[in-house]
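Undergrad: So you can see what is in the structure, the chains are spelled out below.
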Amino acid sequence: MTISPDQTVFFTFGFIHINATLLFTWLVMALLVLLARWVTRCLTDDATLSSWQNLLEVLVEGIQQQIRDVTHQEPAPYLPFVGTLFIFIATSNLLAIVPGFEPPTGSLSTASALALCVFVAVPLYGIQRRGWRAYLKDYVEPTPILLPLNIIGELSRTLALAVRLYGNVMSGAVVGAILLIITPLLFPVLMHALELLTGIIQAYIFAVLAMVYLAAATTAHDVSPHPPDTATSQGEGGVNER
Amino acid sequence: MQIDGFTVVAQLINFLVLVWLLKRFLYGPIVQAMTARQQKIAATLNEARQKAEQAEVEAQKYRTQCLELDAQREAWLEQAQQEIATQREEWLTQVRCEIDAQREAWLAAWQRERTENRHALQQEATRRLTDAVRHALRELADADLEQRMLEPLLTQLRALDASERATLAQAALGGCTISTAFPLDIALQQRCQTALSEQLGTGITWTFHQDPKVACGIILEMPGHRLAWTLDSYLDGFSDALAKTLRLPAAHASDSVI
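Going line by line, the protein sequences match chains A and B.
Using our numbering, you'd call the opening residue of the first sequence number 1 and step up by one each time.
Using our numbering, you'd call the opening residue of the second sequence number 1 and step up by one each time.
Among these hints, one or two may not hold up.
Ranges between beta-carbon positions, derived for each pair [stated by the list, open to error]:
1. L16(B) - T183(A): 54 to 62 Å
2. W132(A) - N46(B): 37 to 45 Å
3. N46(B) - I152(A): 35 to 43 Å
4. V120(A) - A43(B): 37 to 45 Å
5. A43(B) - P99(A): 24 to 32 Å
6. R68(A) - V57(B): 32 to 40 Å
7. A43(B) - V174(A): 50 to 58 Å
8. L180(A) - L16(B): 21 to 29 Å
The calculated lysine to any residue pairs, modelled on SDA-like cross-linking and capped at a C-alpha distance of 20 Å, are [as the list claims (entries may be wrong)]:
9. K23(B) - I145(A)
10. K51(B) - R63(B)
11. K23(B) - T48(A)
12. K23(B) - K137(A)
13. K23(B) - Q53(A)
14. K23(B) - K40(B)
15. K23(B) - L32(A)
16. K23(B) - E61(A)
17. K40(B) - A30(A)
18. K23(B) - Q73(A)
19. K244(B) - L129(B)
20. K23(B) - L136(A)
21. K23(B) - R68(A)
22. K244(B) - E116(B)
23. K137(A) - A121(A)
24. K137(A) - N150(A)
25. K51(B) - M34(B)
26. K40(B) - L32(A)
27. K23(B) - Y139(A)
28. K23(B) - N150(A)
29. K213(B) - D131(B)
30. K213(B) - K244(B)
Derived from the structure by calculation, the hints contain no laboratory data.
All C-beta atoms in this analysis are idealised placements derived from N, C-alpha and C, irrespective of residue type, glycine included.
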């Protein structure tokens with residue numbers, strides 16, 4: 001039994017080694033792209049639409065609504081990034097019930113890569129929306145003394161993102177495997193059902209936290225000593241997250 | 001728990017590729033379809049709203065027209081009723097006049113017919129009575145009676161004044177015809193000629209003629225003149241008097257009916 005799919009290597013050429021993480025990631029990517037391509041090939045804007053189109057529209061509309069609720073901004077710029085985070089993590093976690101499939105999100109490397117994407121995307125969206133000066137000014141607010149703490153906060157939350165996702169998915173897979181050895185009949189089924197729920201929740205948490213970080217970066221913070229109820233609604237998410 | 005650097009980089013690239021692919025094949029088309037549907041629904045709703053407003057305007061217009069039509073219909077009905085009442089009254093008046101005229105005409109015709117019938121009845125009664133009397137007298141009459149009737153004729157002739165008698169005498173020169181119902185014997189003819197010649201003069205041509213129509217009496221006829229004494233003259237007078245007597249109550253009766 002391997003704890004991480006990184007340890008399952010299928011092919012090695014120099015420093016390039018194709019492990020189960022990459023293989024199943026490509027599998028998930030192919031599945032998502034083909035499904036999207038197949039469904040969107042015959043889209044219609046009529047009142048009657050196919051079940052698959054309905055499903056994807058519900059999914060996309062739900063993600064847009066979540067982005068709108070969290071960031072209080074138009075969801076169009078964030079939809080591809082946040083939506084792909086949620087869909088990829090959720091699909092990977094849901095496919096964990098397929099025998100032989102190892103979810104790539106159970107790899108710390110994958111979780112770290114996704115967290116790094118968020119870590120890079122946050123300043124990119126912030127600078128794109130507010131400019132260099134305004135974005136970097138947040139790191140010395142309310143006082144420049146807090147600059148190191150702000151930087152550590154950025155790093156730590158990225159690390160927390162990665163470890164949270166990895167730990168939950170990996171623990172679910174490991175617990176399932178251990179329970180399969182101990183009580184192979186009924187209990188693993190319940191654990192797999194719980195794992196599905198956990199996987200969806202983790203995908204949701206990861207995407208929502210990414211949205212919160214993006215909202216914090218793209219929204220001007222009100223750090224003046226006013227009462228909390230006078231703060232703008234757009235800044236509350238970022239301030240509370242900090 | 002270890003992190004593979006190559007895997008991290010590869011997963012990072014994979015994720016970015018997946019973002020691009022899903023943006024191209026999923027989010028773009030889906031969002032575009034949803035936007036198109038929203039616009040379509042919005043356009044449909046807008047169109048429906050405009051149609052509803054237009055329908056409301058049309059409905060208001062039709063309601064107004066209905067009210068106007070109702071008012072116009074009421075006015076027409078009232079006018080028609082008035083015209084009907086006027087026409088009815090006019091027709092009733094006309095019918096009453098026609099009925100009165102026809103009644104008057106019928107009453108007049110009835111009265112005239114009644115009068116004519118009464119007259120005809122009176123005439124018929126008079127004629128029958130006269131005929132009966134005349135028949136009875138005719139059956140009672142004979143030659144002796146006619147002989148005796150010569151005297152009244154002579155008396156009548158004598159009663160004439162001189163000028164009239166001269167006129168008759170002058171006329172008698174053209175021929176004188178004596179008509180009786182029964183034939184006169186020779187002696188009576190002679191006596192009649194003698195008596196008449198005494199009154200009218202001599203040289204007169206006498207002709208005796210028997211006429212059954214002469215009921216009872218004698219008729220002396222000359223060119224242009226006629227002198228008679230018969231029961232017919234009495235009967236004619238009786239008939240006229242009887243007719244006058246019968247007509248008088250009839251006239252009173254017709255006056256009372258009218």
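Undergrad: Each hint: holds or not?
TA: Here is what the structure says about each hint:
no.: 1; hint: L16(B) - T183(A): 54 to 62 Å; verdict: violated, 42 Å
no.: 2; hint: W132(A) - N46(B): 37 to 45 Å; verdict: holds, 44 Å
no.: 3; hint: N46(B) - I152(A): 35 to 43 Å; verdict: violated, 54 Å
no.: 4; hint: V120(A) - A43(B): 37 to 45 Å; verdict: holds, 41 Å
no.: 5; hint: A43(B) - P99(A): 24 to 32 Å; verdict: violated, 50 Å
no.: 6; hint: R68(A) - V57(B): 32 to 40 Å; verdict: holds, 39 Å
no.: 7; hint: A43(B) - V174(A): 50 to 58 Å; verdict: holds, 55 Å
no.: 8; hint: L180(A) - L16(B): 21 to 29 Å; verdict: violated, 35 Å
no.: 9; hint: K23(B) - I145(A); verdict: violated, 41 Å
no.: 10; hint: K51(B) - R63(B); verdict: holds, 17 Å
no.: 11; hint: K23(B) - T48(A); verdict: violated, 24 Å
no.: 12; hint: K23(B) - K137(A); verdict: violated, 32 Å
no.: 13; hint: K23(B) - Q53(A); verdict: holds, 16 Å
no.: 14; hint: K23(B) - K40(B); verdict: violated, 23 Å
no.: 15; hint: K23(B) - L32(A); verdict: holds, 12 Å
no.: 16; hint: K23(B) - E61(A); verdict: holds, 14 Å
no.: 17; hint: K40(B) - A30(A); verdict: violated, 33 Å
no.: 18; hint: K23(B) - Q73(A); verdict: holds, 19 Å
no.: 19; hint: K244(B) - L129(B); verdict: holds, 14 Å
no.: 20; hint: K23(B) - L136(A); verdict: violated, 29 Å
no.: 21; hint: K23(B) - R68(A); verdict: holds, 18 Å
no.: 22; hint: K244(B) - E116(B); verdict: holds, 15 Å
no.: 23; hint: K137(A) - A121(A); verdict: holds, 18 Å
no.: 24; hint: K137(A) - N150(A); verdict: holds, 11 Å
no.: 25; hint: K51(B) - M34(B); verdict: violated, 25 Å
no.: 26; hint: K40(B) - L32(A); verdict: violated, 29 Å
no.: 27; hint: K23(B) - Y139(A); verdict: violated, 32 Å
no.: 28; hint: K23(B) - N150(A); verdict: violated, 32 Å
no.: 29; hint: K213(B) - D131(B); verdict: holds, 12 Å
no.: 30; hint: K213(B) - K244(B); verdict: violated, 25 Å
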